[in-house]
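S.K.: For reference, the chains in residue letters:
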Amino acid sequence: MRLIVHNMLSCNIKGVVNKFPLRIEPEKIIVKKVDFNPDFLKHMFAKIDWKALVYGARSMEHTELPDNAPDIKTLESDESFLRKFHHALLELHLEEGSLVCPETGRKFPVNKGIPNMLLHEDEV
Amino acid sequence: MWFLCVFYHRLLDFRKPEVEALAELFGEEIAENESLQWRLPEHHHNDTPFHFVQLSSEEIARNIAKRSILVKGMYELWGEGTCYEELKDSIQSYPDSRKLPFLTSDSTFRISVETFGKALTFEEQKDRIQSLTYIPFEGRVDLKNPDHNFFLMEMIESEENNGLQPILQRRIFFGREVGFADRKLLPTFQLKSRTYLGPTAMDAEMAFLMANQAKATSGKLVYDPFVGTGSILVSAARFGAMTMGADIDIRVVRDGRGPDCNVWSNFKQYGLPTPVALLRMDNNVPPWRSGLKEIFDAIICDPPYGVRAGGRKSGGRKILRGTVDPYTVPDDKRTDHIPSTGAYSLVECVHDLLHLAARMLVMKGRLVFFFPVLRDETGSEVKFPEHPCFKLVAVSEQILSSRYSRVLLTMVKVEPYSEDIEEAARLMHLEFRENHLKWLEDGNIHSSVFKPIDSSQIHTDPKTFKDPKPKYRGKYV
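Going line by line, the protein sequences match chains W and G.
Going by the working numbering, the letters in the first sequence line up with residues 1 to 124, in that order.
Going by the working numbering, the letters in the second sequence line up with residues 125 to 601, in that order.
No wet-lab data here; the hints were simulated from the structure.
Careful, some of the hints might be misleading.
Said to hold, decoys possible - DSSO-like, lysine-lysine: derived pairs with alpha carbons at most 27 Å apart:
id	chain 1	residue 1	chain 2	residue 2
1	W	Lys33	G	Lys488
2	W	Lys112	G	Lys190
3	W	Lys14	W	Lys84
4	G	Lys392	W	Lys51
5	G	Lys437	W	Lys42
6	G	Lys417	W	Lys14
7	G	Lys392	G	Lys190
8	W	Lys14	W	Lys32
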């Protein structure tokens, strides 16, 4: 699971209010090279919840992202920033571990890189 | 400019929509509520492989042909006629300013003869090429790598076939090739060489057509909520798009058949980038964070409609043994608990799909999906699902059996998603459910497709027997 996905997911148990971002409990992190595509990154930048991305990246031992989202214009001029964003968003993988709901503590397991977001019978 | 667009003679219903989608992708300016201009050769039926299409530049025509699956070639027409005399007059009256730049002495050329409905011997082809001496070719012939490719296309009048009108009259075209299709893609991607397959893996040709309808290209994010073995996303990835997929069956997305036979390996097999994400989730209860919207450029899928595979959703009612109450999971069993699932009817599935697309597609993003249709004898008009955020732009039918077919629907997001719209969508859905649910209800389509033939319909007397189904050529091919 890459952080782009972590950024999209929340805990959807019925009645839960504080459900995003999910806490990452890593057991195995791997890094896989992905082709650098500036157009895609710019498109995604506007959709990403920055705080959640930084939070996710730090729990995966990646600390190079700034606390606050830079201005969208920075993306045009600053390739080194874009590369860091690329790395955090697409190249860091949570291979084994869990995503944990901040309110209930419910663990959504991540096995072989696939988050299992299916709810139990009593959570729907 | 008008171009002669020659199609492969298959999947007839999918041909024009593909060209239209690709024209948009390659920057053809099409005004709102308008579409590309098409024209038929004289006395040709709509099913003919020969069509004329208006495009603003040769470059767009070339790009369309190159990327297309069903376009054999795009040509600048120099002349046409019902016989070689007429062809000669027609070519001679075509302006020299359009012809001479391609006939210069420093260029190389080749003339190919193509036929439809008959085959010509090599001698016959040679005769026809040599009869073109009235065109002032100055260049050198190069059969391997010519600068300019000319085509002489000849067809014989097709006969009445199975009670259907002939699709074309004898006509001869002569034109300069502007672009041609790369069908080499298909043998490379055919399913029989795919490592990981499921029972409903999408055929490669169809998957490419779907990716073209979705305008998948570099820098775009394409999502398949019923990803299965990833057969649709493979085609989108081939065209450069980033892909993402979800499925409710964890064995398919996570395990596959082993470390080298799973969804990931299907992408690696062709050297394509693997999906940005694969996850297990339920479209009925999606885990998207609130505020997430307009993130996908296209959603392409083949929803489970209950003929080959049925849909499942969370919230099954299997009673849990030895628990506090029948549906509560005991704490010590939570970690490895496998939740039961319930049946997911097509109506509900399509509703969730439209809702997902309305929220998660960017404006002008495309939703491309298959929808099953029963081919009943009454020939009643089929109604497709609707949503106030979407405009239906293409409907292509593929007939699967005498009982049912599937229709590829392409919808474009034209209105942003809002809560008011959601209410309007709910009412539309209720109306659809009320009036069109019957055959879509759980199990209904399956039983109609597989029901035994009603004995009262078997006519023993061949004289009184009439095939109740309308005769129909195009969509079988």
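S.K.: Compare the structure with each hint and give your call.
M.R.: A quick look at each hint next to the structure:
A hinted pair counts as satisfied when its Cα atoms are at most 27 Å apart, and Lys33 (chain W) with Lys488 (chain G) does not qualify at roughly 31 Å. For the proposed pair Lys112 (chain W) and Lys190 (chain G), the alpha carbon gap of about 38 Å is over 27 Å, so the pair is violated. For the given pair, Lys14 (chain W) sits about 36 Å from Lys84 (chain W) by alpha-carbon distance, which is inconsistent with the 27 Å threshold. Only pairs whose Cα atoms come within 27 Å are accepted, and Lys392 (chain G) paired with Lys51 (chain W) is rejected, the gap being roughly 33 Å.
Distance hint between Lys437 (chain G) and Lys42 (chain W) is unfulfilled; the C-alpha atoms sit about 35 Å from each other, more than 27 Å. For the proposed pair Lys417 (chain G) and Lys14 (chain W), the alpha carbon gap of about 21 Å is at most 27 Å, so the pair holds. Distance restraint check for Lys392 (chain G) and Lys190 (chain G): the Cα-Cα separation of roughly 24 Å lies within the 27 Å cut-off, and the hinted pair is therefore satisfied. A hinted pair counts as satisfied when its Cα atoms are at most 27 Å apart, and Lys14 (chain W) with Lys32 (chain W) does not qualify at roughly 35 Å.
In terms of the numbered hints stated before, the structure departs from hints 1, 2, 3, 4, 5 and 8, listed from lowest to highest.
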